[in-house]
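Student: Let's have the full structure, built from the sequences with the hints guiding it.
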Amino acid sequence: MSLYENRNMAVTIAGNRLVEDVSLKVEAGHCTAIVGASGSGKSLTCLSPFGLTSGVASGTMLLDGIDLGRAGSDQIRDVRRRLTGFIFQQPLTALTPHLTVGTQLQEATMQAGSARPSRRELARKLERVGLSRADERLDQFPHRLSGGERQRVMIAAAIAHDPRLLVADEPTSALDASLRAEIMVLLDELRAEKGLGLLLVSHDLASVEGHADQLVVMDRGAVVERGPARQVIADPEEDYTRRLVAATPRLQEPAPVLSRPGQILLETRGLGVAFDRPGWRRGKIRALADASIMLRQGESLAIVGGSGSGKSTLGRAIAGIGPVTEGEILWQGAALPERRNRSLEMRGLVQPVFQDPVASLDPHWQVGDIVAEPLRYLRPDLTQADRIEMTRRALSDVDLAEEFLTRLPASLSGGQAQRVAIARAIVASPQLLVLDEATSALDPLAGAEILKLLVRLQGENGLSLLFISHDIAAARRLCHRVVVMEEGLIVEAGEMQEVIDHPRYPATQKLIAAS
Amino acid sequence: MLKSHLALFPLLAIVTLVLLLPFLLPWSYDQIDWDAVRAPAFSGSHLFGTDEIGRDRLARLAAGTRITLMVAVAAALVSLIVGIAWGATAGWIGGRVDEAMMRIVDGLYALPFMFIVILLMVVFGRSILLVFVGIGLVEWLTMARVVRGQVMALKQRPFILAAEAAGTPSTVILLRHILPNIAGVALAYLMLTVPQVVMVESFLSFLGLGVQEPLTSLGILVKEGADDMDMTPLGLALPGGLLVVILVCLTIEGERLRDRFS
Amino acid sequence: MLALITRRLMTAIPTLLVIILASFFLMRLAPGGPFDGERPLDPETQAALQQSYGLDRPLWEQAWLYISRLAQGDFGPSLVYRDFTVSELIAQGLPISLTLGGLAIVLALMIGVTSGLFAAVRAGMAADKTIMMLATVATALPTFVTGPALALFFGLWLGLLPVSGTSDGGAWLIMPVVALALPVSGAIAKLTRAGLASVLKQDHIRTARARGLSETKILFKHGLRPALVPVASYLGPAAAGLLTGAVVVETVFGLPGLGRYFVQGALNRDYPLVLGVVTLYAALIILFNLFADLIYGWLDPRMREG
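Chains as they are written, first to last, in the numbering used here: chain D, 25 to 539; chain A, 7 to 268; chain E, 387 to 692.
Don't take each hint at face value.
[As the list claims (entries may be wrong)] Derived DMTMM-like pairs: lysine to aspartate or glutamate, alpha-carbon spacing no greater than 20 Å straight-line:
id	chain 1	residue 1	chain 2	residue 2
1	A	LYS161	D	ASP380
2	D	LYS49	D	GLU206
3	E	LYS587	A	GLU105
4	A	LYS161	D	GLU362
5	A	LYS161	D	ASP212
6	E	LYS515	A	ASP236
7	E	LYS603	D	ASP88
8	E	LYS607	D	GLU131
I should point out that these hints are in silico values taken from the structure, not numbers from a laboratory. Note that the coordinates shown come from a computational prediction; the quantities given were computed from them, not determined experimentally.
Tutor: Spelled out as structure tokens, the structure:
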């Protein structure tokens, strides 16, 4: 008998069936992963049977022989108390801000009725999940810990009372890329050590590959396919699964065929950016130091690193929307001044595309006006008729129909909004696009489409691309070369495949492991 | 939609009435009817009776409400303009300038502004202009804080950075990108400022420090009513009740707008 | 925590100094004031003024004199109440005003927090909507309307409570305190309910629920403190509002508190009195804000660093 089993489970909210006919199994000591895009119902599926969402779950749900469907809310609360542990997505907000780490861990340990643990026992629990200086941490408040540290505390608290089933809802999505592999490995170890069953939810197929035994693929509230993970990925039966596997960037896939680059276009020499400390404190914060990179015409360069690595700062400095405090930027040999000193002509050479597509469009402006905005100021020589024509062309270049001209950003999907942002970026014919995590906020399918679009634009228009990302596998689909950053410094650089095959720096190795 | 804006109806009714009544009533607000002093309600041409000097209560009520609302709207606009100017400047420039400007706001927030306004009135005399400006100055702090918060949040939004990359000049960014995006919140807080200002004005008038004779306001009417309440409770109940109704409706509507735009 | 207090004091002291200096200069410039020569004063007061303010000394020396006297608690002579100095008047009136204000805030907190919690736990239901409607109405009840109304009803008509003056025993406190506390209690009820309703939706509550804790435990251990944060932020403005409301209540009920002296002083242009009271009130409110910040820090550890 499986540890946890669902048969024909459905979840209803306010009369609407949002999840239909779900069947899955979790075995003790093994991991079952639910994978799907946002809105596919995966969180509802894994949390509703335990009464943690506003949805009502029906159907057969058996945990260790207990029928959750027939249980009253008190009984389900008892199940949560004794048999299950939960890990949620946002470590920043999941811990109570006014109680110390020690108090919360103690509460978690005692929840199933065990005796009060000693300080040493609590410290040992924190050490087991990889936290250093465990004794100090017990007296700290959650806001003093970093995101990764907080997630470790959550994991420690989730297993503190020795549950049988661990449910993890997107445990690594909100974490820095370099930490993701470590957390997944930690979960694997704990699972084996304690014989836990792990029910894992993720939107990123690549992050569960190698960790999940069983895979369940969901789309729009229904299970599309399920089976042994290795088999489903290697040989998917359903069309959706096949598209999902194809869309997810994985390092094992074949290398892309990219265009040949030309002359040197952009160089930075010793670029550095330092910010004043907030408030009246002394000293500066160095976001970027001694960055020297080179980019050729028609080439794509990937800048990868975790958060705080300085990659966005570098990208913004080059795009002319962020400050520069030392070093220089050269465009075809001539100096390119920083932000406020750039002439309109110079601005037209480099254009940005941002991570959150909807936030990069003014909610009150129509798509047509948004895309035409650069033309108004960068090409004052054009007539209105010219501008309309070029706007239409830009939209068609990104595969959006003319009817999108009068739409408002709120009515667009993530993928469509990003296409509008790209249309805006290319409308004035720049030579370089700086893309700051341009696919990170998109669903795997939409993100894959955007990557394909970028490869095409590069081939057709000879565009150079600066692709900033934490996902090295995604960058690989697009870029000739890669630069790895950590804490404001460039730690490794080279041809893409070369760096992936022979990483020298630990930061690089962590990023590769995360993919 | 109609039901959710229920609170507006009494307000609109009151405003319409007070604007129309001077043309419909035979008595003006300071006219004395020597034949009917302290007349009870429904006596002759005096719908709500007369006060202790013989002035028609209804006419005074209408006049007082007009003045109160006028002062309230004017003062609220003062606080809106000062608040937006201060908050938008602090938020847009950012850095040390912003810190300094907001420290000032924080310091002022703690003060008993009411007393300072009274102090100013004592020193500079009681002009109606001072009433507008003084009351407006009591409330601009909240608007400044809200606007500054909004502008700071917007400044970092990618669509602003994209506009900068597109070569859009700063003034155009402020006008066409930032202002439309803070209009909603500013309006909501404006709606919430008006009842505050009504309270302040009535309070000052009650103490004899606000609107002066021969003009009247709801505050003055309440004071007159309170002084006379053992003889004619109606004199207190009418303006007091009307004041409460106006304040409640404004507050409900303002909070609804605020929740919608937050 | 210490950093927070220090930082607060560093903002507070200059603010206070600015107010004092501004008051001083306002007093010197005021038309129709004692320094104008417009109103002839009797020789006694004139001499007292001369001595207090050193009118023959240079301006900056006068300012310094004023501040140093203030620091010693000497606010100068009252122009209207000829027999008293301002300090003496303050000593008479302050205890009454503080009693009123103190009781009012305690009452407001008691009513406001309990009704707010009650409403939040029953969010969406009839009890919640009724309580919130009552709270909104309460915030729109100005003290100068409720004060006379209460006096009329319970004092004149029912004869239950004294309508003016202080008397032995506490009965004279009841109506003024209730009139003062009502609008504040409404505001606190709304803030508590909103605070708790928003906290209950937050992630850490879900984590606590996932641990199988009872709803009561979750509410009190994990939900209450963050929910009260908006109330703590409101305490500063609430205190300012109570001081203002006390003025009305003292006038309406004929209580010899500081607020009533202030109004009399304002109407009669008794500058030293008015300025003294404003300065004192400003200092009190700054102190109270510091106190509110400390409470805030206890409720939310993230604020402790200042």
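Student: The structure should be examined with respect to each hint, and the outcome stated for every one.
Tutor: Okay, the hints, checked on the actual structure:
no. : hint                : in the structure
1   : LYS161/A - ASP380/D : 15 Å, holds
2   : LYS49/D - GLU206/D  : 26 Å, violated
3   : LYS587/E - GLU105/A : 32 Å, violated
4   : LYS161/A - GLU362/D : 19 Å, holds
5   : LYS161/A - ASP212/D : 43 Å, violated
6   : LYS515/E - ASP236/A : 36 Å, violated
7   : LYS603/E - ASP88/D  : 27 Å, violated
8   : LYS607/E - GLU131/D : 11 Å, holds
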